[in-house]
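In the order they appear, the protein sequences are chains A and B. Adding 79 to a residue's 1-based position in the first sequence gives its number in the working numbering. Adding 27 to a residue's 1-based position in the second sequence gives its number in the working numbering.
It should be emphasised that the hints constitute simulated quantities derived from the structure, not laboratory data. Hints may contain errors.
[Unchecked claim] Using 35 Å as the maximum straight-line C-alpha spacing, the simulated DSBU-like pairs for lysine-lysine come out as follows:
{"id": "1", "chain 1": "A", "residue 1": "K383", "chain 2": "B", "residue 2": "K36"}
{"id": "2", "chain 1": "B", "residue 1": "K225", "chain 2": "A", "residue 2": "K375"}
{"id": "3", "chain 1": "A", "residue 1": "K119", "chain 2": "A", "residue 2": "K173"}
{"id": "4", "chain 1": "B", "residue 1": "K46", "chain 2": "A", "residue 2": "K483"}
{"id": "5", "chain 1": "B", "residue 1": "K187", "chain 2": "A", "residue 2": "K232"}
{"id": "6", "chain 1": "A", "residue 1": "K383", "chain 2": "B", "residue 2": "K200"}
{"id": "7", "chain 1": "B", "residue 1": "K187", "chain 2": "A", "residue 2": "K375"}
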Amino acid sequence: MDFKRFLGARPPLKAAAAQAAADPRALRGENEAIAASIAKFLDRTGLFDREAYVSNYPDVAKSGLDPLHHFVRVGVHIGRHFTSEETIARTWRKVLQHSLAPAKPFPDPADPSRYRVAIYVPSLGNFFMREIADVVKAGFDDAGVSAEIRDEKSPPPRDATHHIVIAPHEFFTLGEGKRWATDEFVSRAILFATEQIQTQWFARSLVFLLRAKAVADMNDQNAAIFRSAGIRALTVQPGYSENFAPFAQQTRTPPSSIAFAGLPEAVHSFDPATESFAARPLDVLFLGQHSPRRDKLLASYAEKFASLSTFLYVTQSSSPLTPAQNPMAASEVTAALLERSKILINLHRDEYTYFEWWRVMQAFWKKTVVVTEPCLPHPLFKPGVHYLEEAPRHIHHLTEWLAKTPEGQAKAEQVRERAFRDLTTQANAKIAALTLLRMGGAAE
Amino acid sequence: MNLFPRPSKIVKEKKGAAKVAVIVTLYNYAKHVEECLDSIAAQTQSGIELIVVDDCSTDDGLDVVLAWLARNETGFAAHAVISHTTNMGLPYARNTAFLRASTDRVFVMDADNALYPRAVERCMQAMTQSGAAAVYTQLEFFGQRTGVGTADFWSAERLKPRNYIDAMALVSKAAWEKVDGYTQLNANGWEDYDFWCKFIEQELSCTYIPEILCRYRTHMTSMSHTETNPNAGALILQMSIRHPWLNLQ
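Looking at chain B on its own, in the form it has when it is part of the complex (with noise of 0.2 Å):
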């Protein structure tokens, strides 16, 4: 990872005994960080250690976790926001969030997305069961566009022609570590895909729930897919040479 320091403070914390870490990357997102939130105190998981960082928001939403976590910390076992003082993007951000993990598995989330109240219980479950490095669920898509994820069984064959896991994914932290964590791509955008390509390299196996358990915000602008992401062809050449395996199309 980086070799200079980090530009991040701690903005509140509770120390406790966790069993699993939800981290929440938060960048201009004011108007949905409270959905998000509320879905992760709905879990039926116990233990929850959540784990909020704002990448120098340039709107109020880091203002907006503190006021939601004042009402909502009695339900957590531990808690962390944590603030980077410049913005240093997604990849970034979410190894910050790692860092502060004090659990073995990490539940990685966007602050615009959310959980149904199941989902981090079941994929704890499957990580159990399997021993996989990270477990993932079939996604539901809303706002703009409505339907249903891309997920799909983990296999290297797949992940060939293009990316179908999205980073909303319980990890285990060992895993992450072993990875070297989120790798900040020439342009952004396709840092979970080079995340699940770092597994497969590392043979680093995942499992997948064929359950609908996570919600993914899309906008008229997203940036996960080729179509609408205009750094597409930055990004196809550098993973064609960071993973020579992948057939980008």
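This is chain A alone, in the form it adopts within the complex (with noise of 0.2 Å):
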């Protein structure tokens, strides 16, 4: 896709907006480009699984139209699933092989600080898109690069150089953020994605996705197989941070949080600048969505768990994790929890083994040790190094060697030393904010 001719002299942004809303035979029209754009992406990437979509869904046998062009044009925005464990697992097998298009390097901007960055965050989404947005910015604040954190709210900036939506899926469909859903505005941000590639949410992004100046996704397979189809991306994964406040500092006593109440009093008391692994009160940590699979799995594990110490937070709520509703919806009671516990467990919740880079780099930052079953590969970290991995069965087996034998307690002191070693030097947020800049481009 041919991003430059996008980035030409530009109406004001309100101006596009009003203007896309008055003329609905230009909405048509972009609507016929977007769908044929989106198309065309699922077809050359493969994602598209014809005939699970024809069975699953009888009706586009019967509309006569070519499934592809009926997901595109109906499916879509109804939810539909267009693909398939099969097909994704082929998609990976390409990936993993390494025969999908390898990232080729953006242009190093001179003088970041020259740069004014403007990182939008949906402010009706979860929780988690705050504290990436968090994260985001501190990584500018350590590169040197004004940055500010924006919602659909605010008006638009006068003098960013960068835009940095992030979740794109969110940010333009959640209340006022359609009004920024404008091709001018779309063209020249850089989305940073956060949907995994089976979902619904997924197949929606990509109507903002395909328009983008770039594309950064937290996930490696996902920004791989977006290059494969000709999108500019890169992944993204913004890090450690010493100006990431709720995690920057050791918190010598729990946030005054509802989350702390029910825990012993050894929990409350423990000073969390004490080195040692086996000294930290909660043997396990995991805090997670509810989902039918980590619910078997965390069931066969309960009697084993029972004569731990333990937090295990499985949330039933399907609705966004926003701290008006949950107090678990806090980074300074995540931090808190981490510097308290020795083992955080990773679960998935379904079959979809995504590496959860966020949770796994906080556990990192405080020295957690990671527990998880296999995941995608990730381009820096490795089990058995940075974090362990074990098969679902034989996860709780793990967990109690490594918190209660010698033999255990050193294993993990030598895996969180090392993981937080390279998470410091090498996955930090400044690498990640200077390689959103770099796919930025120079300033316009």
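Taking the hints as your guide, dock the two standalone chains into a single complex.
Put into structure tokens, the structure is as follows:
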């Protein structure tokens, strides 16, 4: 896709939005073009599963439309599934064999301090998105680049050289975010994509991602899939930053939150400056949304975990995690829990075994050992070196060994030191910020 | 509570100084009650008063309890086995047990459920520390279906659409009194939901322990879930009247 043609002189944002709304014919034409570009993307990447789509939705055959065309005109708008486990498995095989387009370096902009970055995050979305925005901003602070966080209600910035939109599928669709969804704005923005490819959210986000100046995907494999379709995409995972306030300091006392109300005295009185892994009062920490798979696994660990000191938070809520509704939607709470836990358990929500990099990096940061089921490979962090991998049915056995035996504790010390070192030196937020700056190119 | 006399008789008792009562309501769970009692006997918490209320079971559950207690009575600071001479329903049976409890803290159980050994002790610690009116943990589902329970932090907002807190909890007897005990609704099944709603209305606050320490047995016909409860419609109507701040779906 040729991004350059969007970069010419443009009317101000407000006027563009008004025009788009005023002329329904133009809108229809735009919709047609968008549908065609999504179809082309799904076709080139091989992500669309024709057979599954036809057999899952009988009305497709009756419509007489080509299944792919049916999906991009009808299915995507009503949240239909467009792919299958087999199809994604095939796509991942291609990615992992490195036969897909490798990342080309973006030109280095000289003197980062002359740029001004606007980071957009949906005010109505998940707490997680805001946290990502905060750590992206911290990275720009580290790099000496002026950056500010905005939301969909903010007025258009006057002088920003770079526009970075976190979670575009939420930002452009919730509340007033719709007024930002103009070709003029989207084509100048770097979109920070957060969704897994098998989800309807991913399909819906394509409307924006395919028109963006560049795509920063937080998943390495997704970024490679985008590149294979000719899109300018890189993996961006903002990590360690001393400017990310909730994680920068140790929490001498836990934040006053009901999250801590039921915890043992030893957790309250623990000083996180204590260096020893074995001294941490919580053996096991799990934080995640409920899913049938996670429920089943946690139930199978219940007997073993009942003899350990644990914090197992499984929320049933399907609505976005927001601070107003949930005490767990606070970075300070996550940080304080990690500092007091020996081990963080990572269980995938479903069979798509993404590397949950942000949770994992947060654990590395607080020197909590990550025990996970097998994940998609990460470019930097490796099982056995930075974290420990085990089959789901043996997670609790490994956990108990690490928490309770001298050999396990020695291994834990080794792994968490290495993870912390490589996080701070090779996966810091400044690197991510400079990558985003490069993706945005020179100032317009 | 009810004005008419309580149709209960004491079958067996031993008095003594206890720190916490664990109450077990029993109705036709002869095949599960031993597992429940074994799990109470295995608690790390000392000074337990065991109270079993048999709600006029038609199986030999009461005999199973008496035989089990004959073998295990030294493990408890005090005990009582009470029998209803007529079947009175779960809320009423729990109230019978609360009335008998000699302690100001009561751990509520049903005869088909079970505990992990640290359950009562952890709830006791958390109640002391937080001063909460009740303390509950996350559940493990076992039996017909395995999984993790729906427990989460105490929140009126979260209670509005549905109940997420089981009856299995450590409850202060003063709080139980303040909310006038468990209420028999027009239909069976939601007395625990109603109980927690009354806590909200009385501004009694509860504390959640995010550890899986209690075990909830799932059956083919589990009464606690809307989708399987044939009385759901009647209960939604009655609960909406009793607690108009709810937003039942």
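Taking the hints in turn, this is what the structure says about them:
This hinted pair does not check out: K383 of chain A and K36 of chain B have alpha carbons roughly 40 Å apart, beyond 35 Å. Using a Cα cut-off of 35 Å, the hinted pair K225 of chain B and K375 of chain A holds, with the two alpha carbons roughly 32 Å apart. Of the supplied pair hints, the one linking K119 of chain A and K173 of chain A holds, its CA atoms being roughly 19 Å apart against a limit of 35 Å. For the hint linking K46 of chain B to K483 of chain A, the alpha-carbon distance of about 31 Å falls within 35 Å, and the restraint holds.
For the hint pairing K187 of chain B with K232 of chain A, the CA-to-CA distance comes to about 30 Å; that is within 35 Å, so the pair holds. Of the pairs offered as hints, the one joining K383 of chain A and K200 of chain B holds, with about 32 Å between alpha carbons and a cut-off of 35 Å not exceeded. For the suggested pair K187 of chain B and K375 of chain A, the alpha carbons sit about 27 Å apart, so the restraint of at most 35 Å is met.
Of the numbered hints given earlier, the model fails hint 1 alone.
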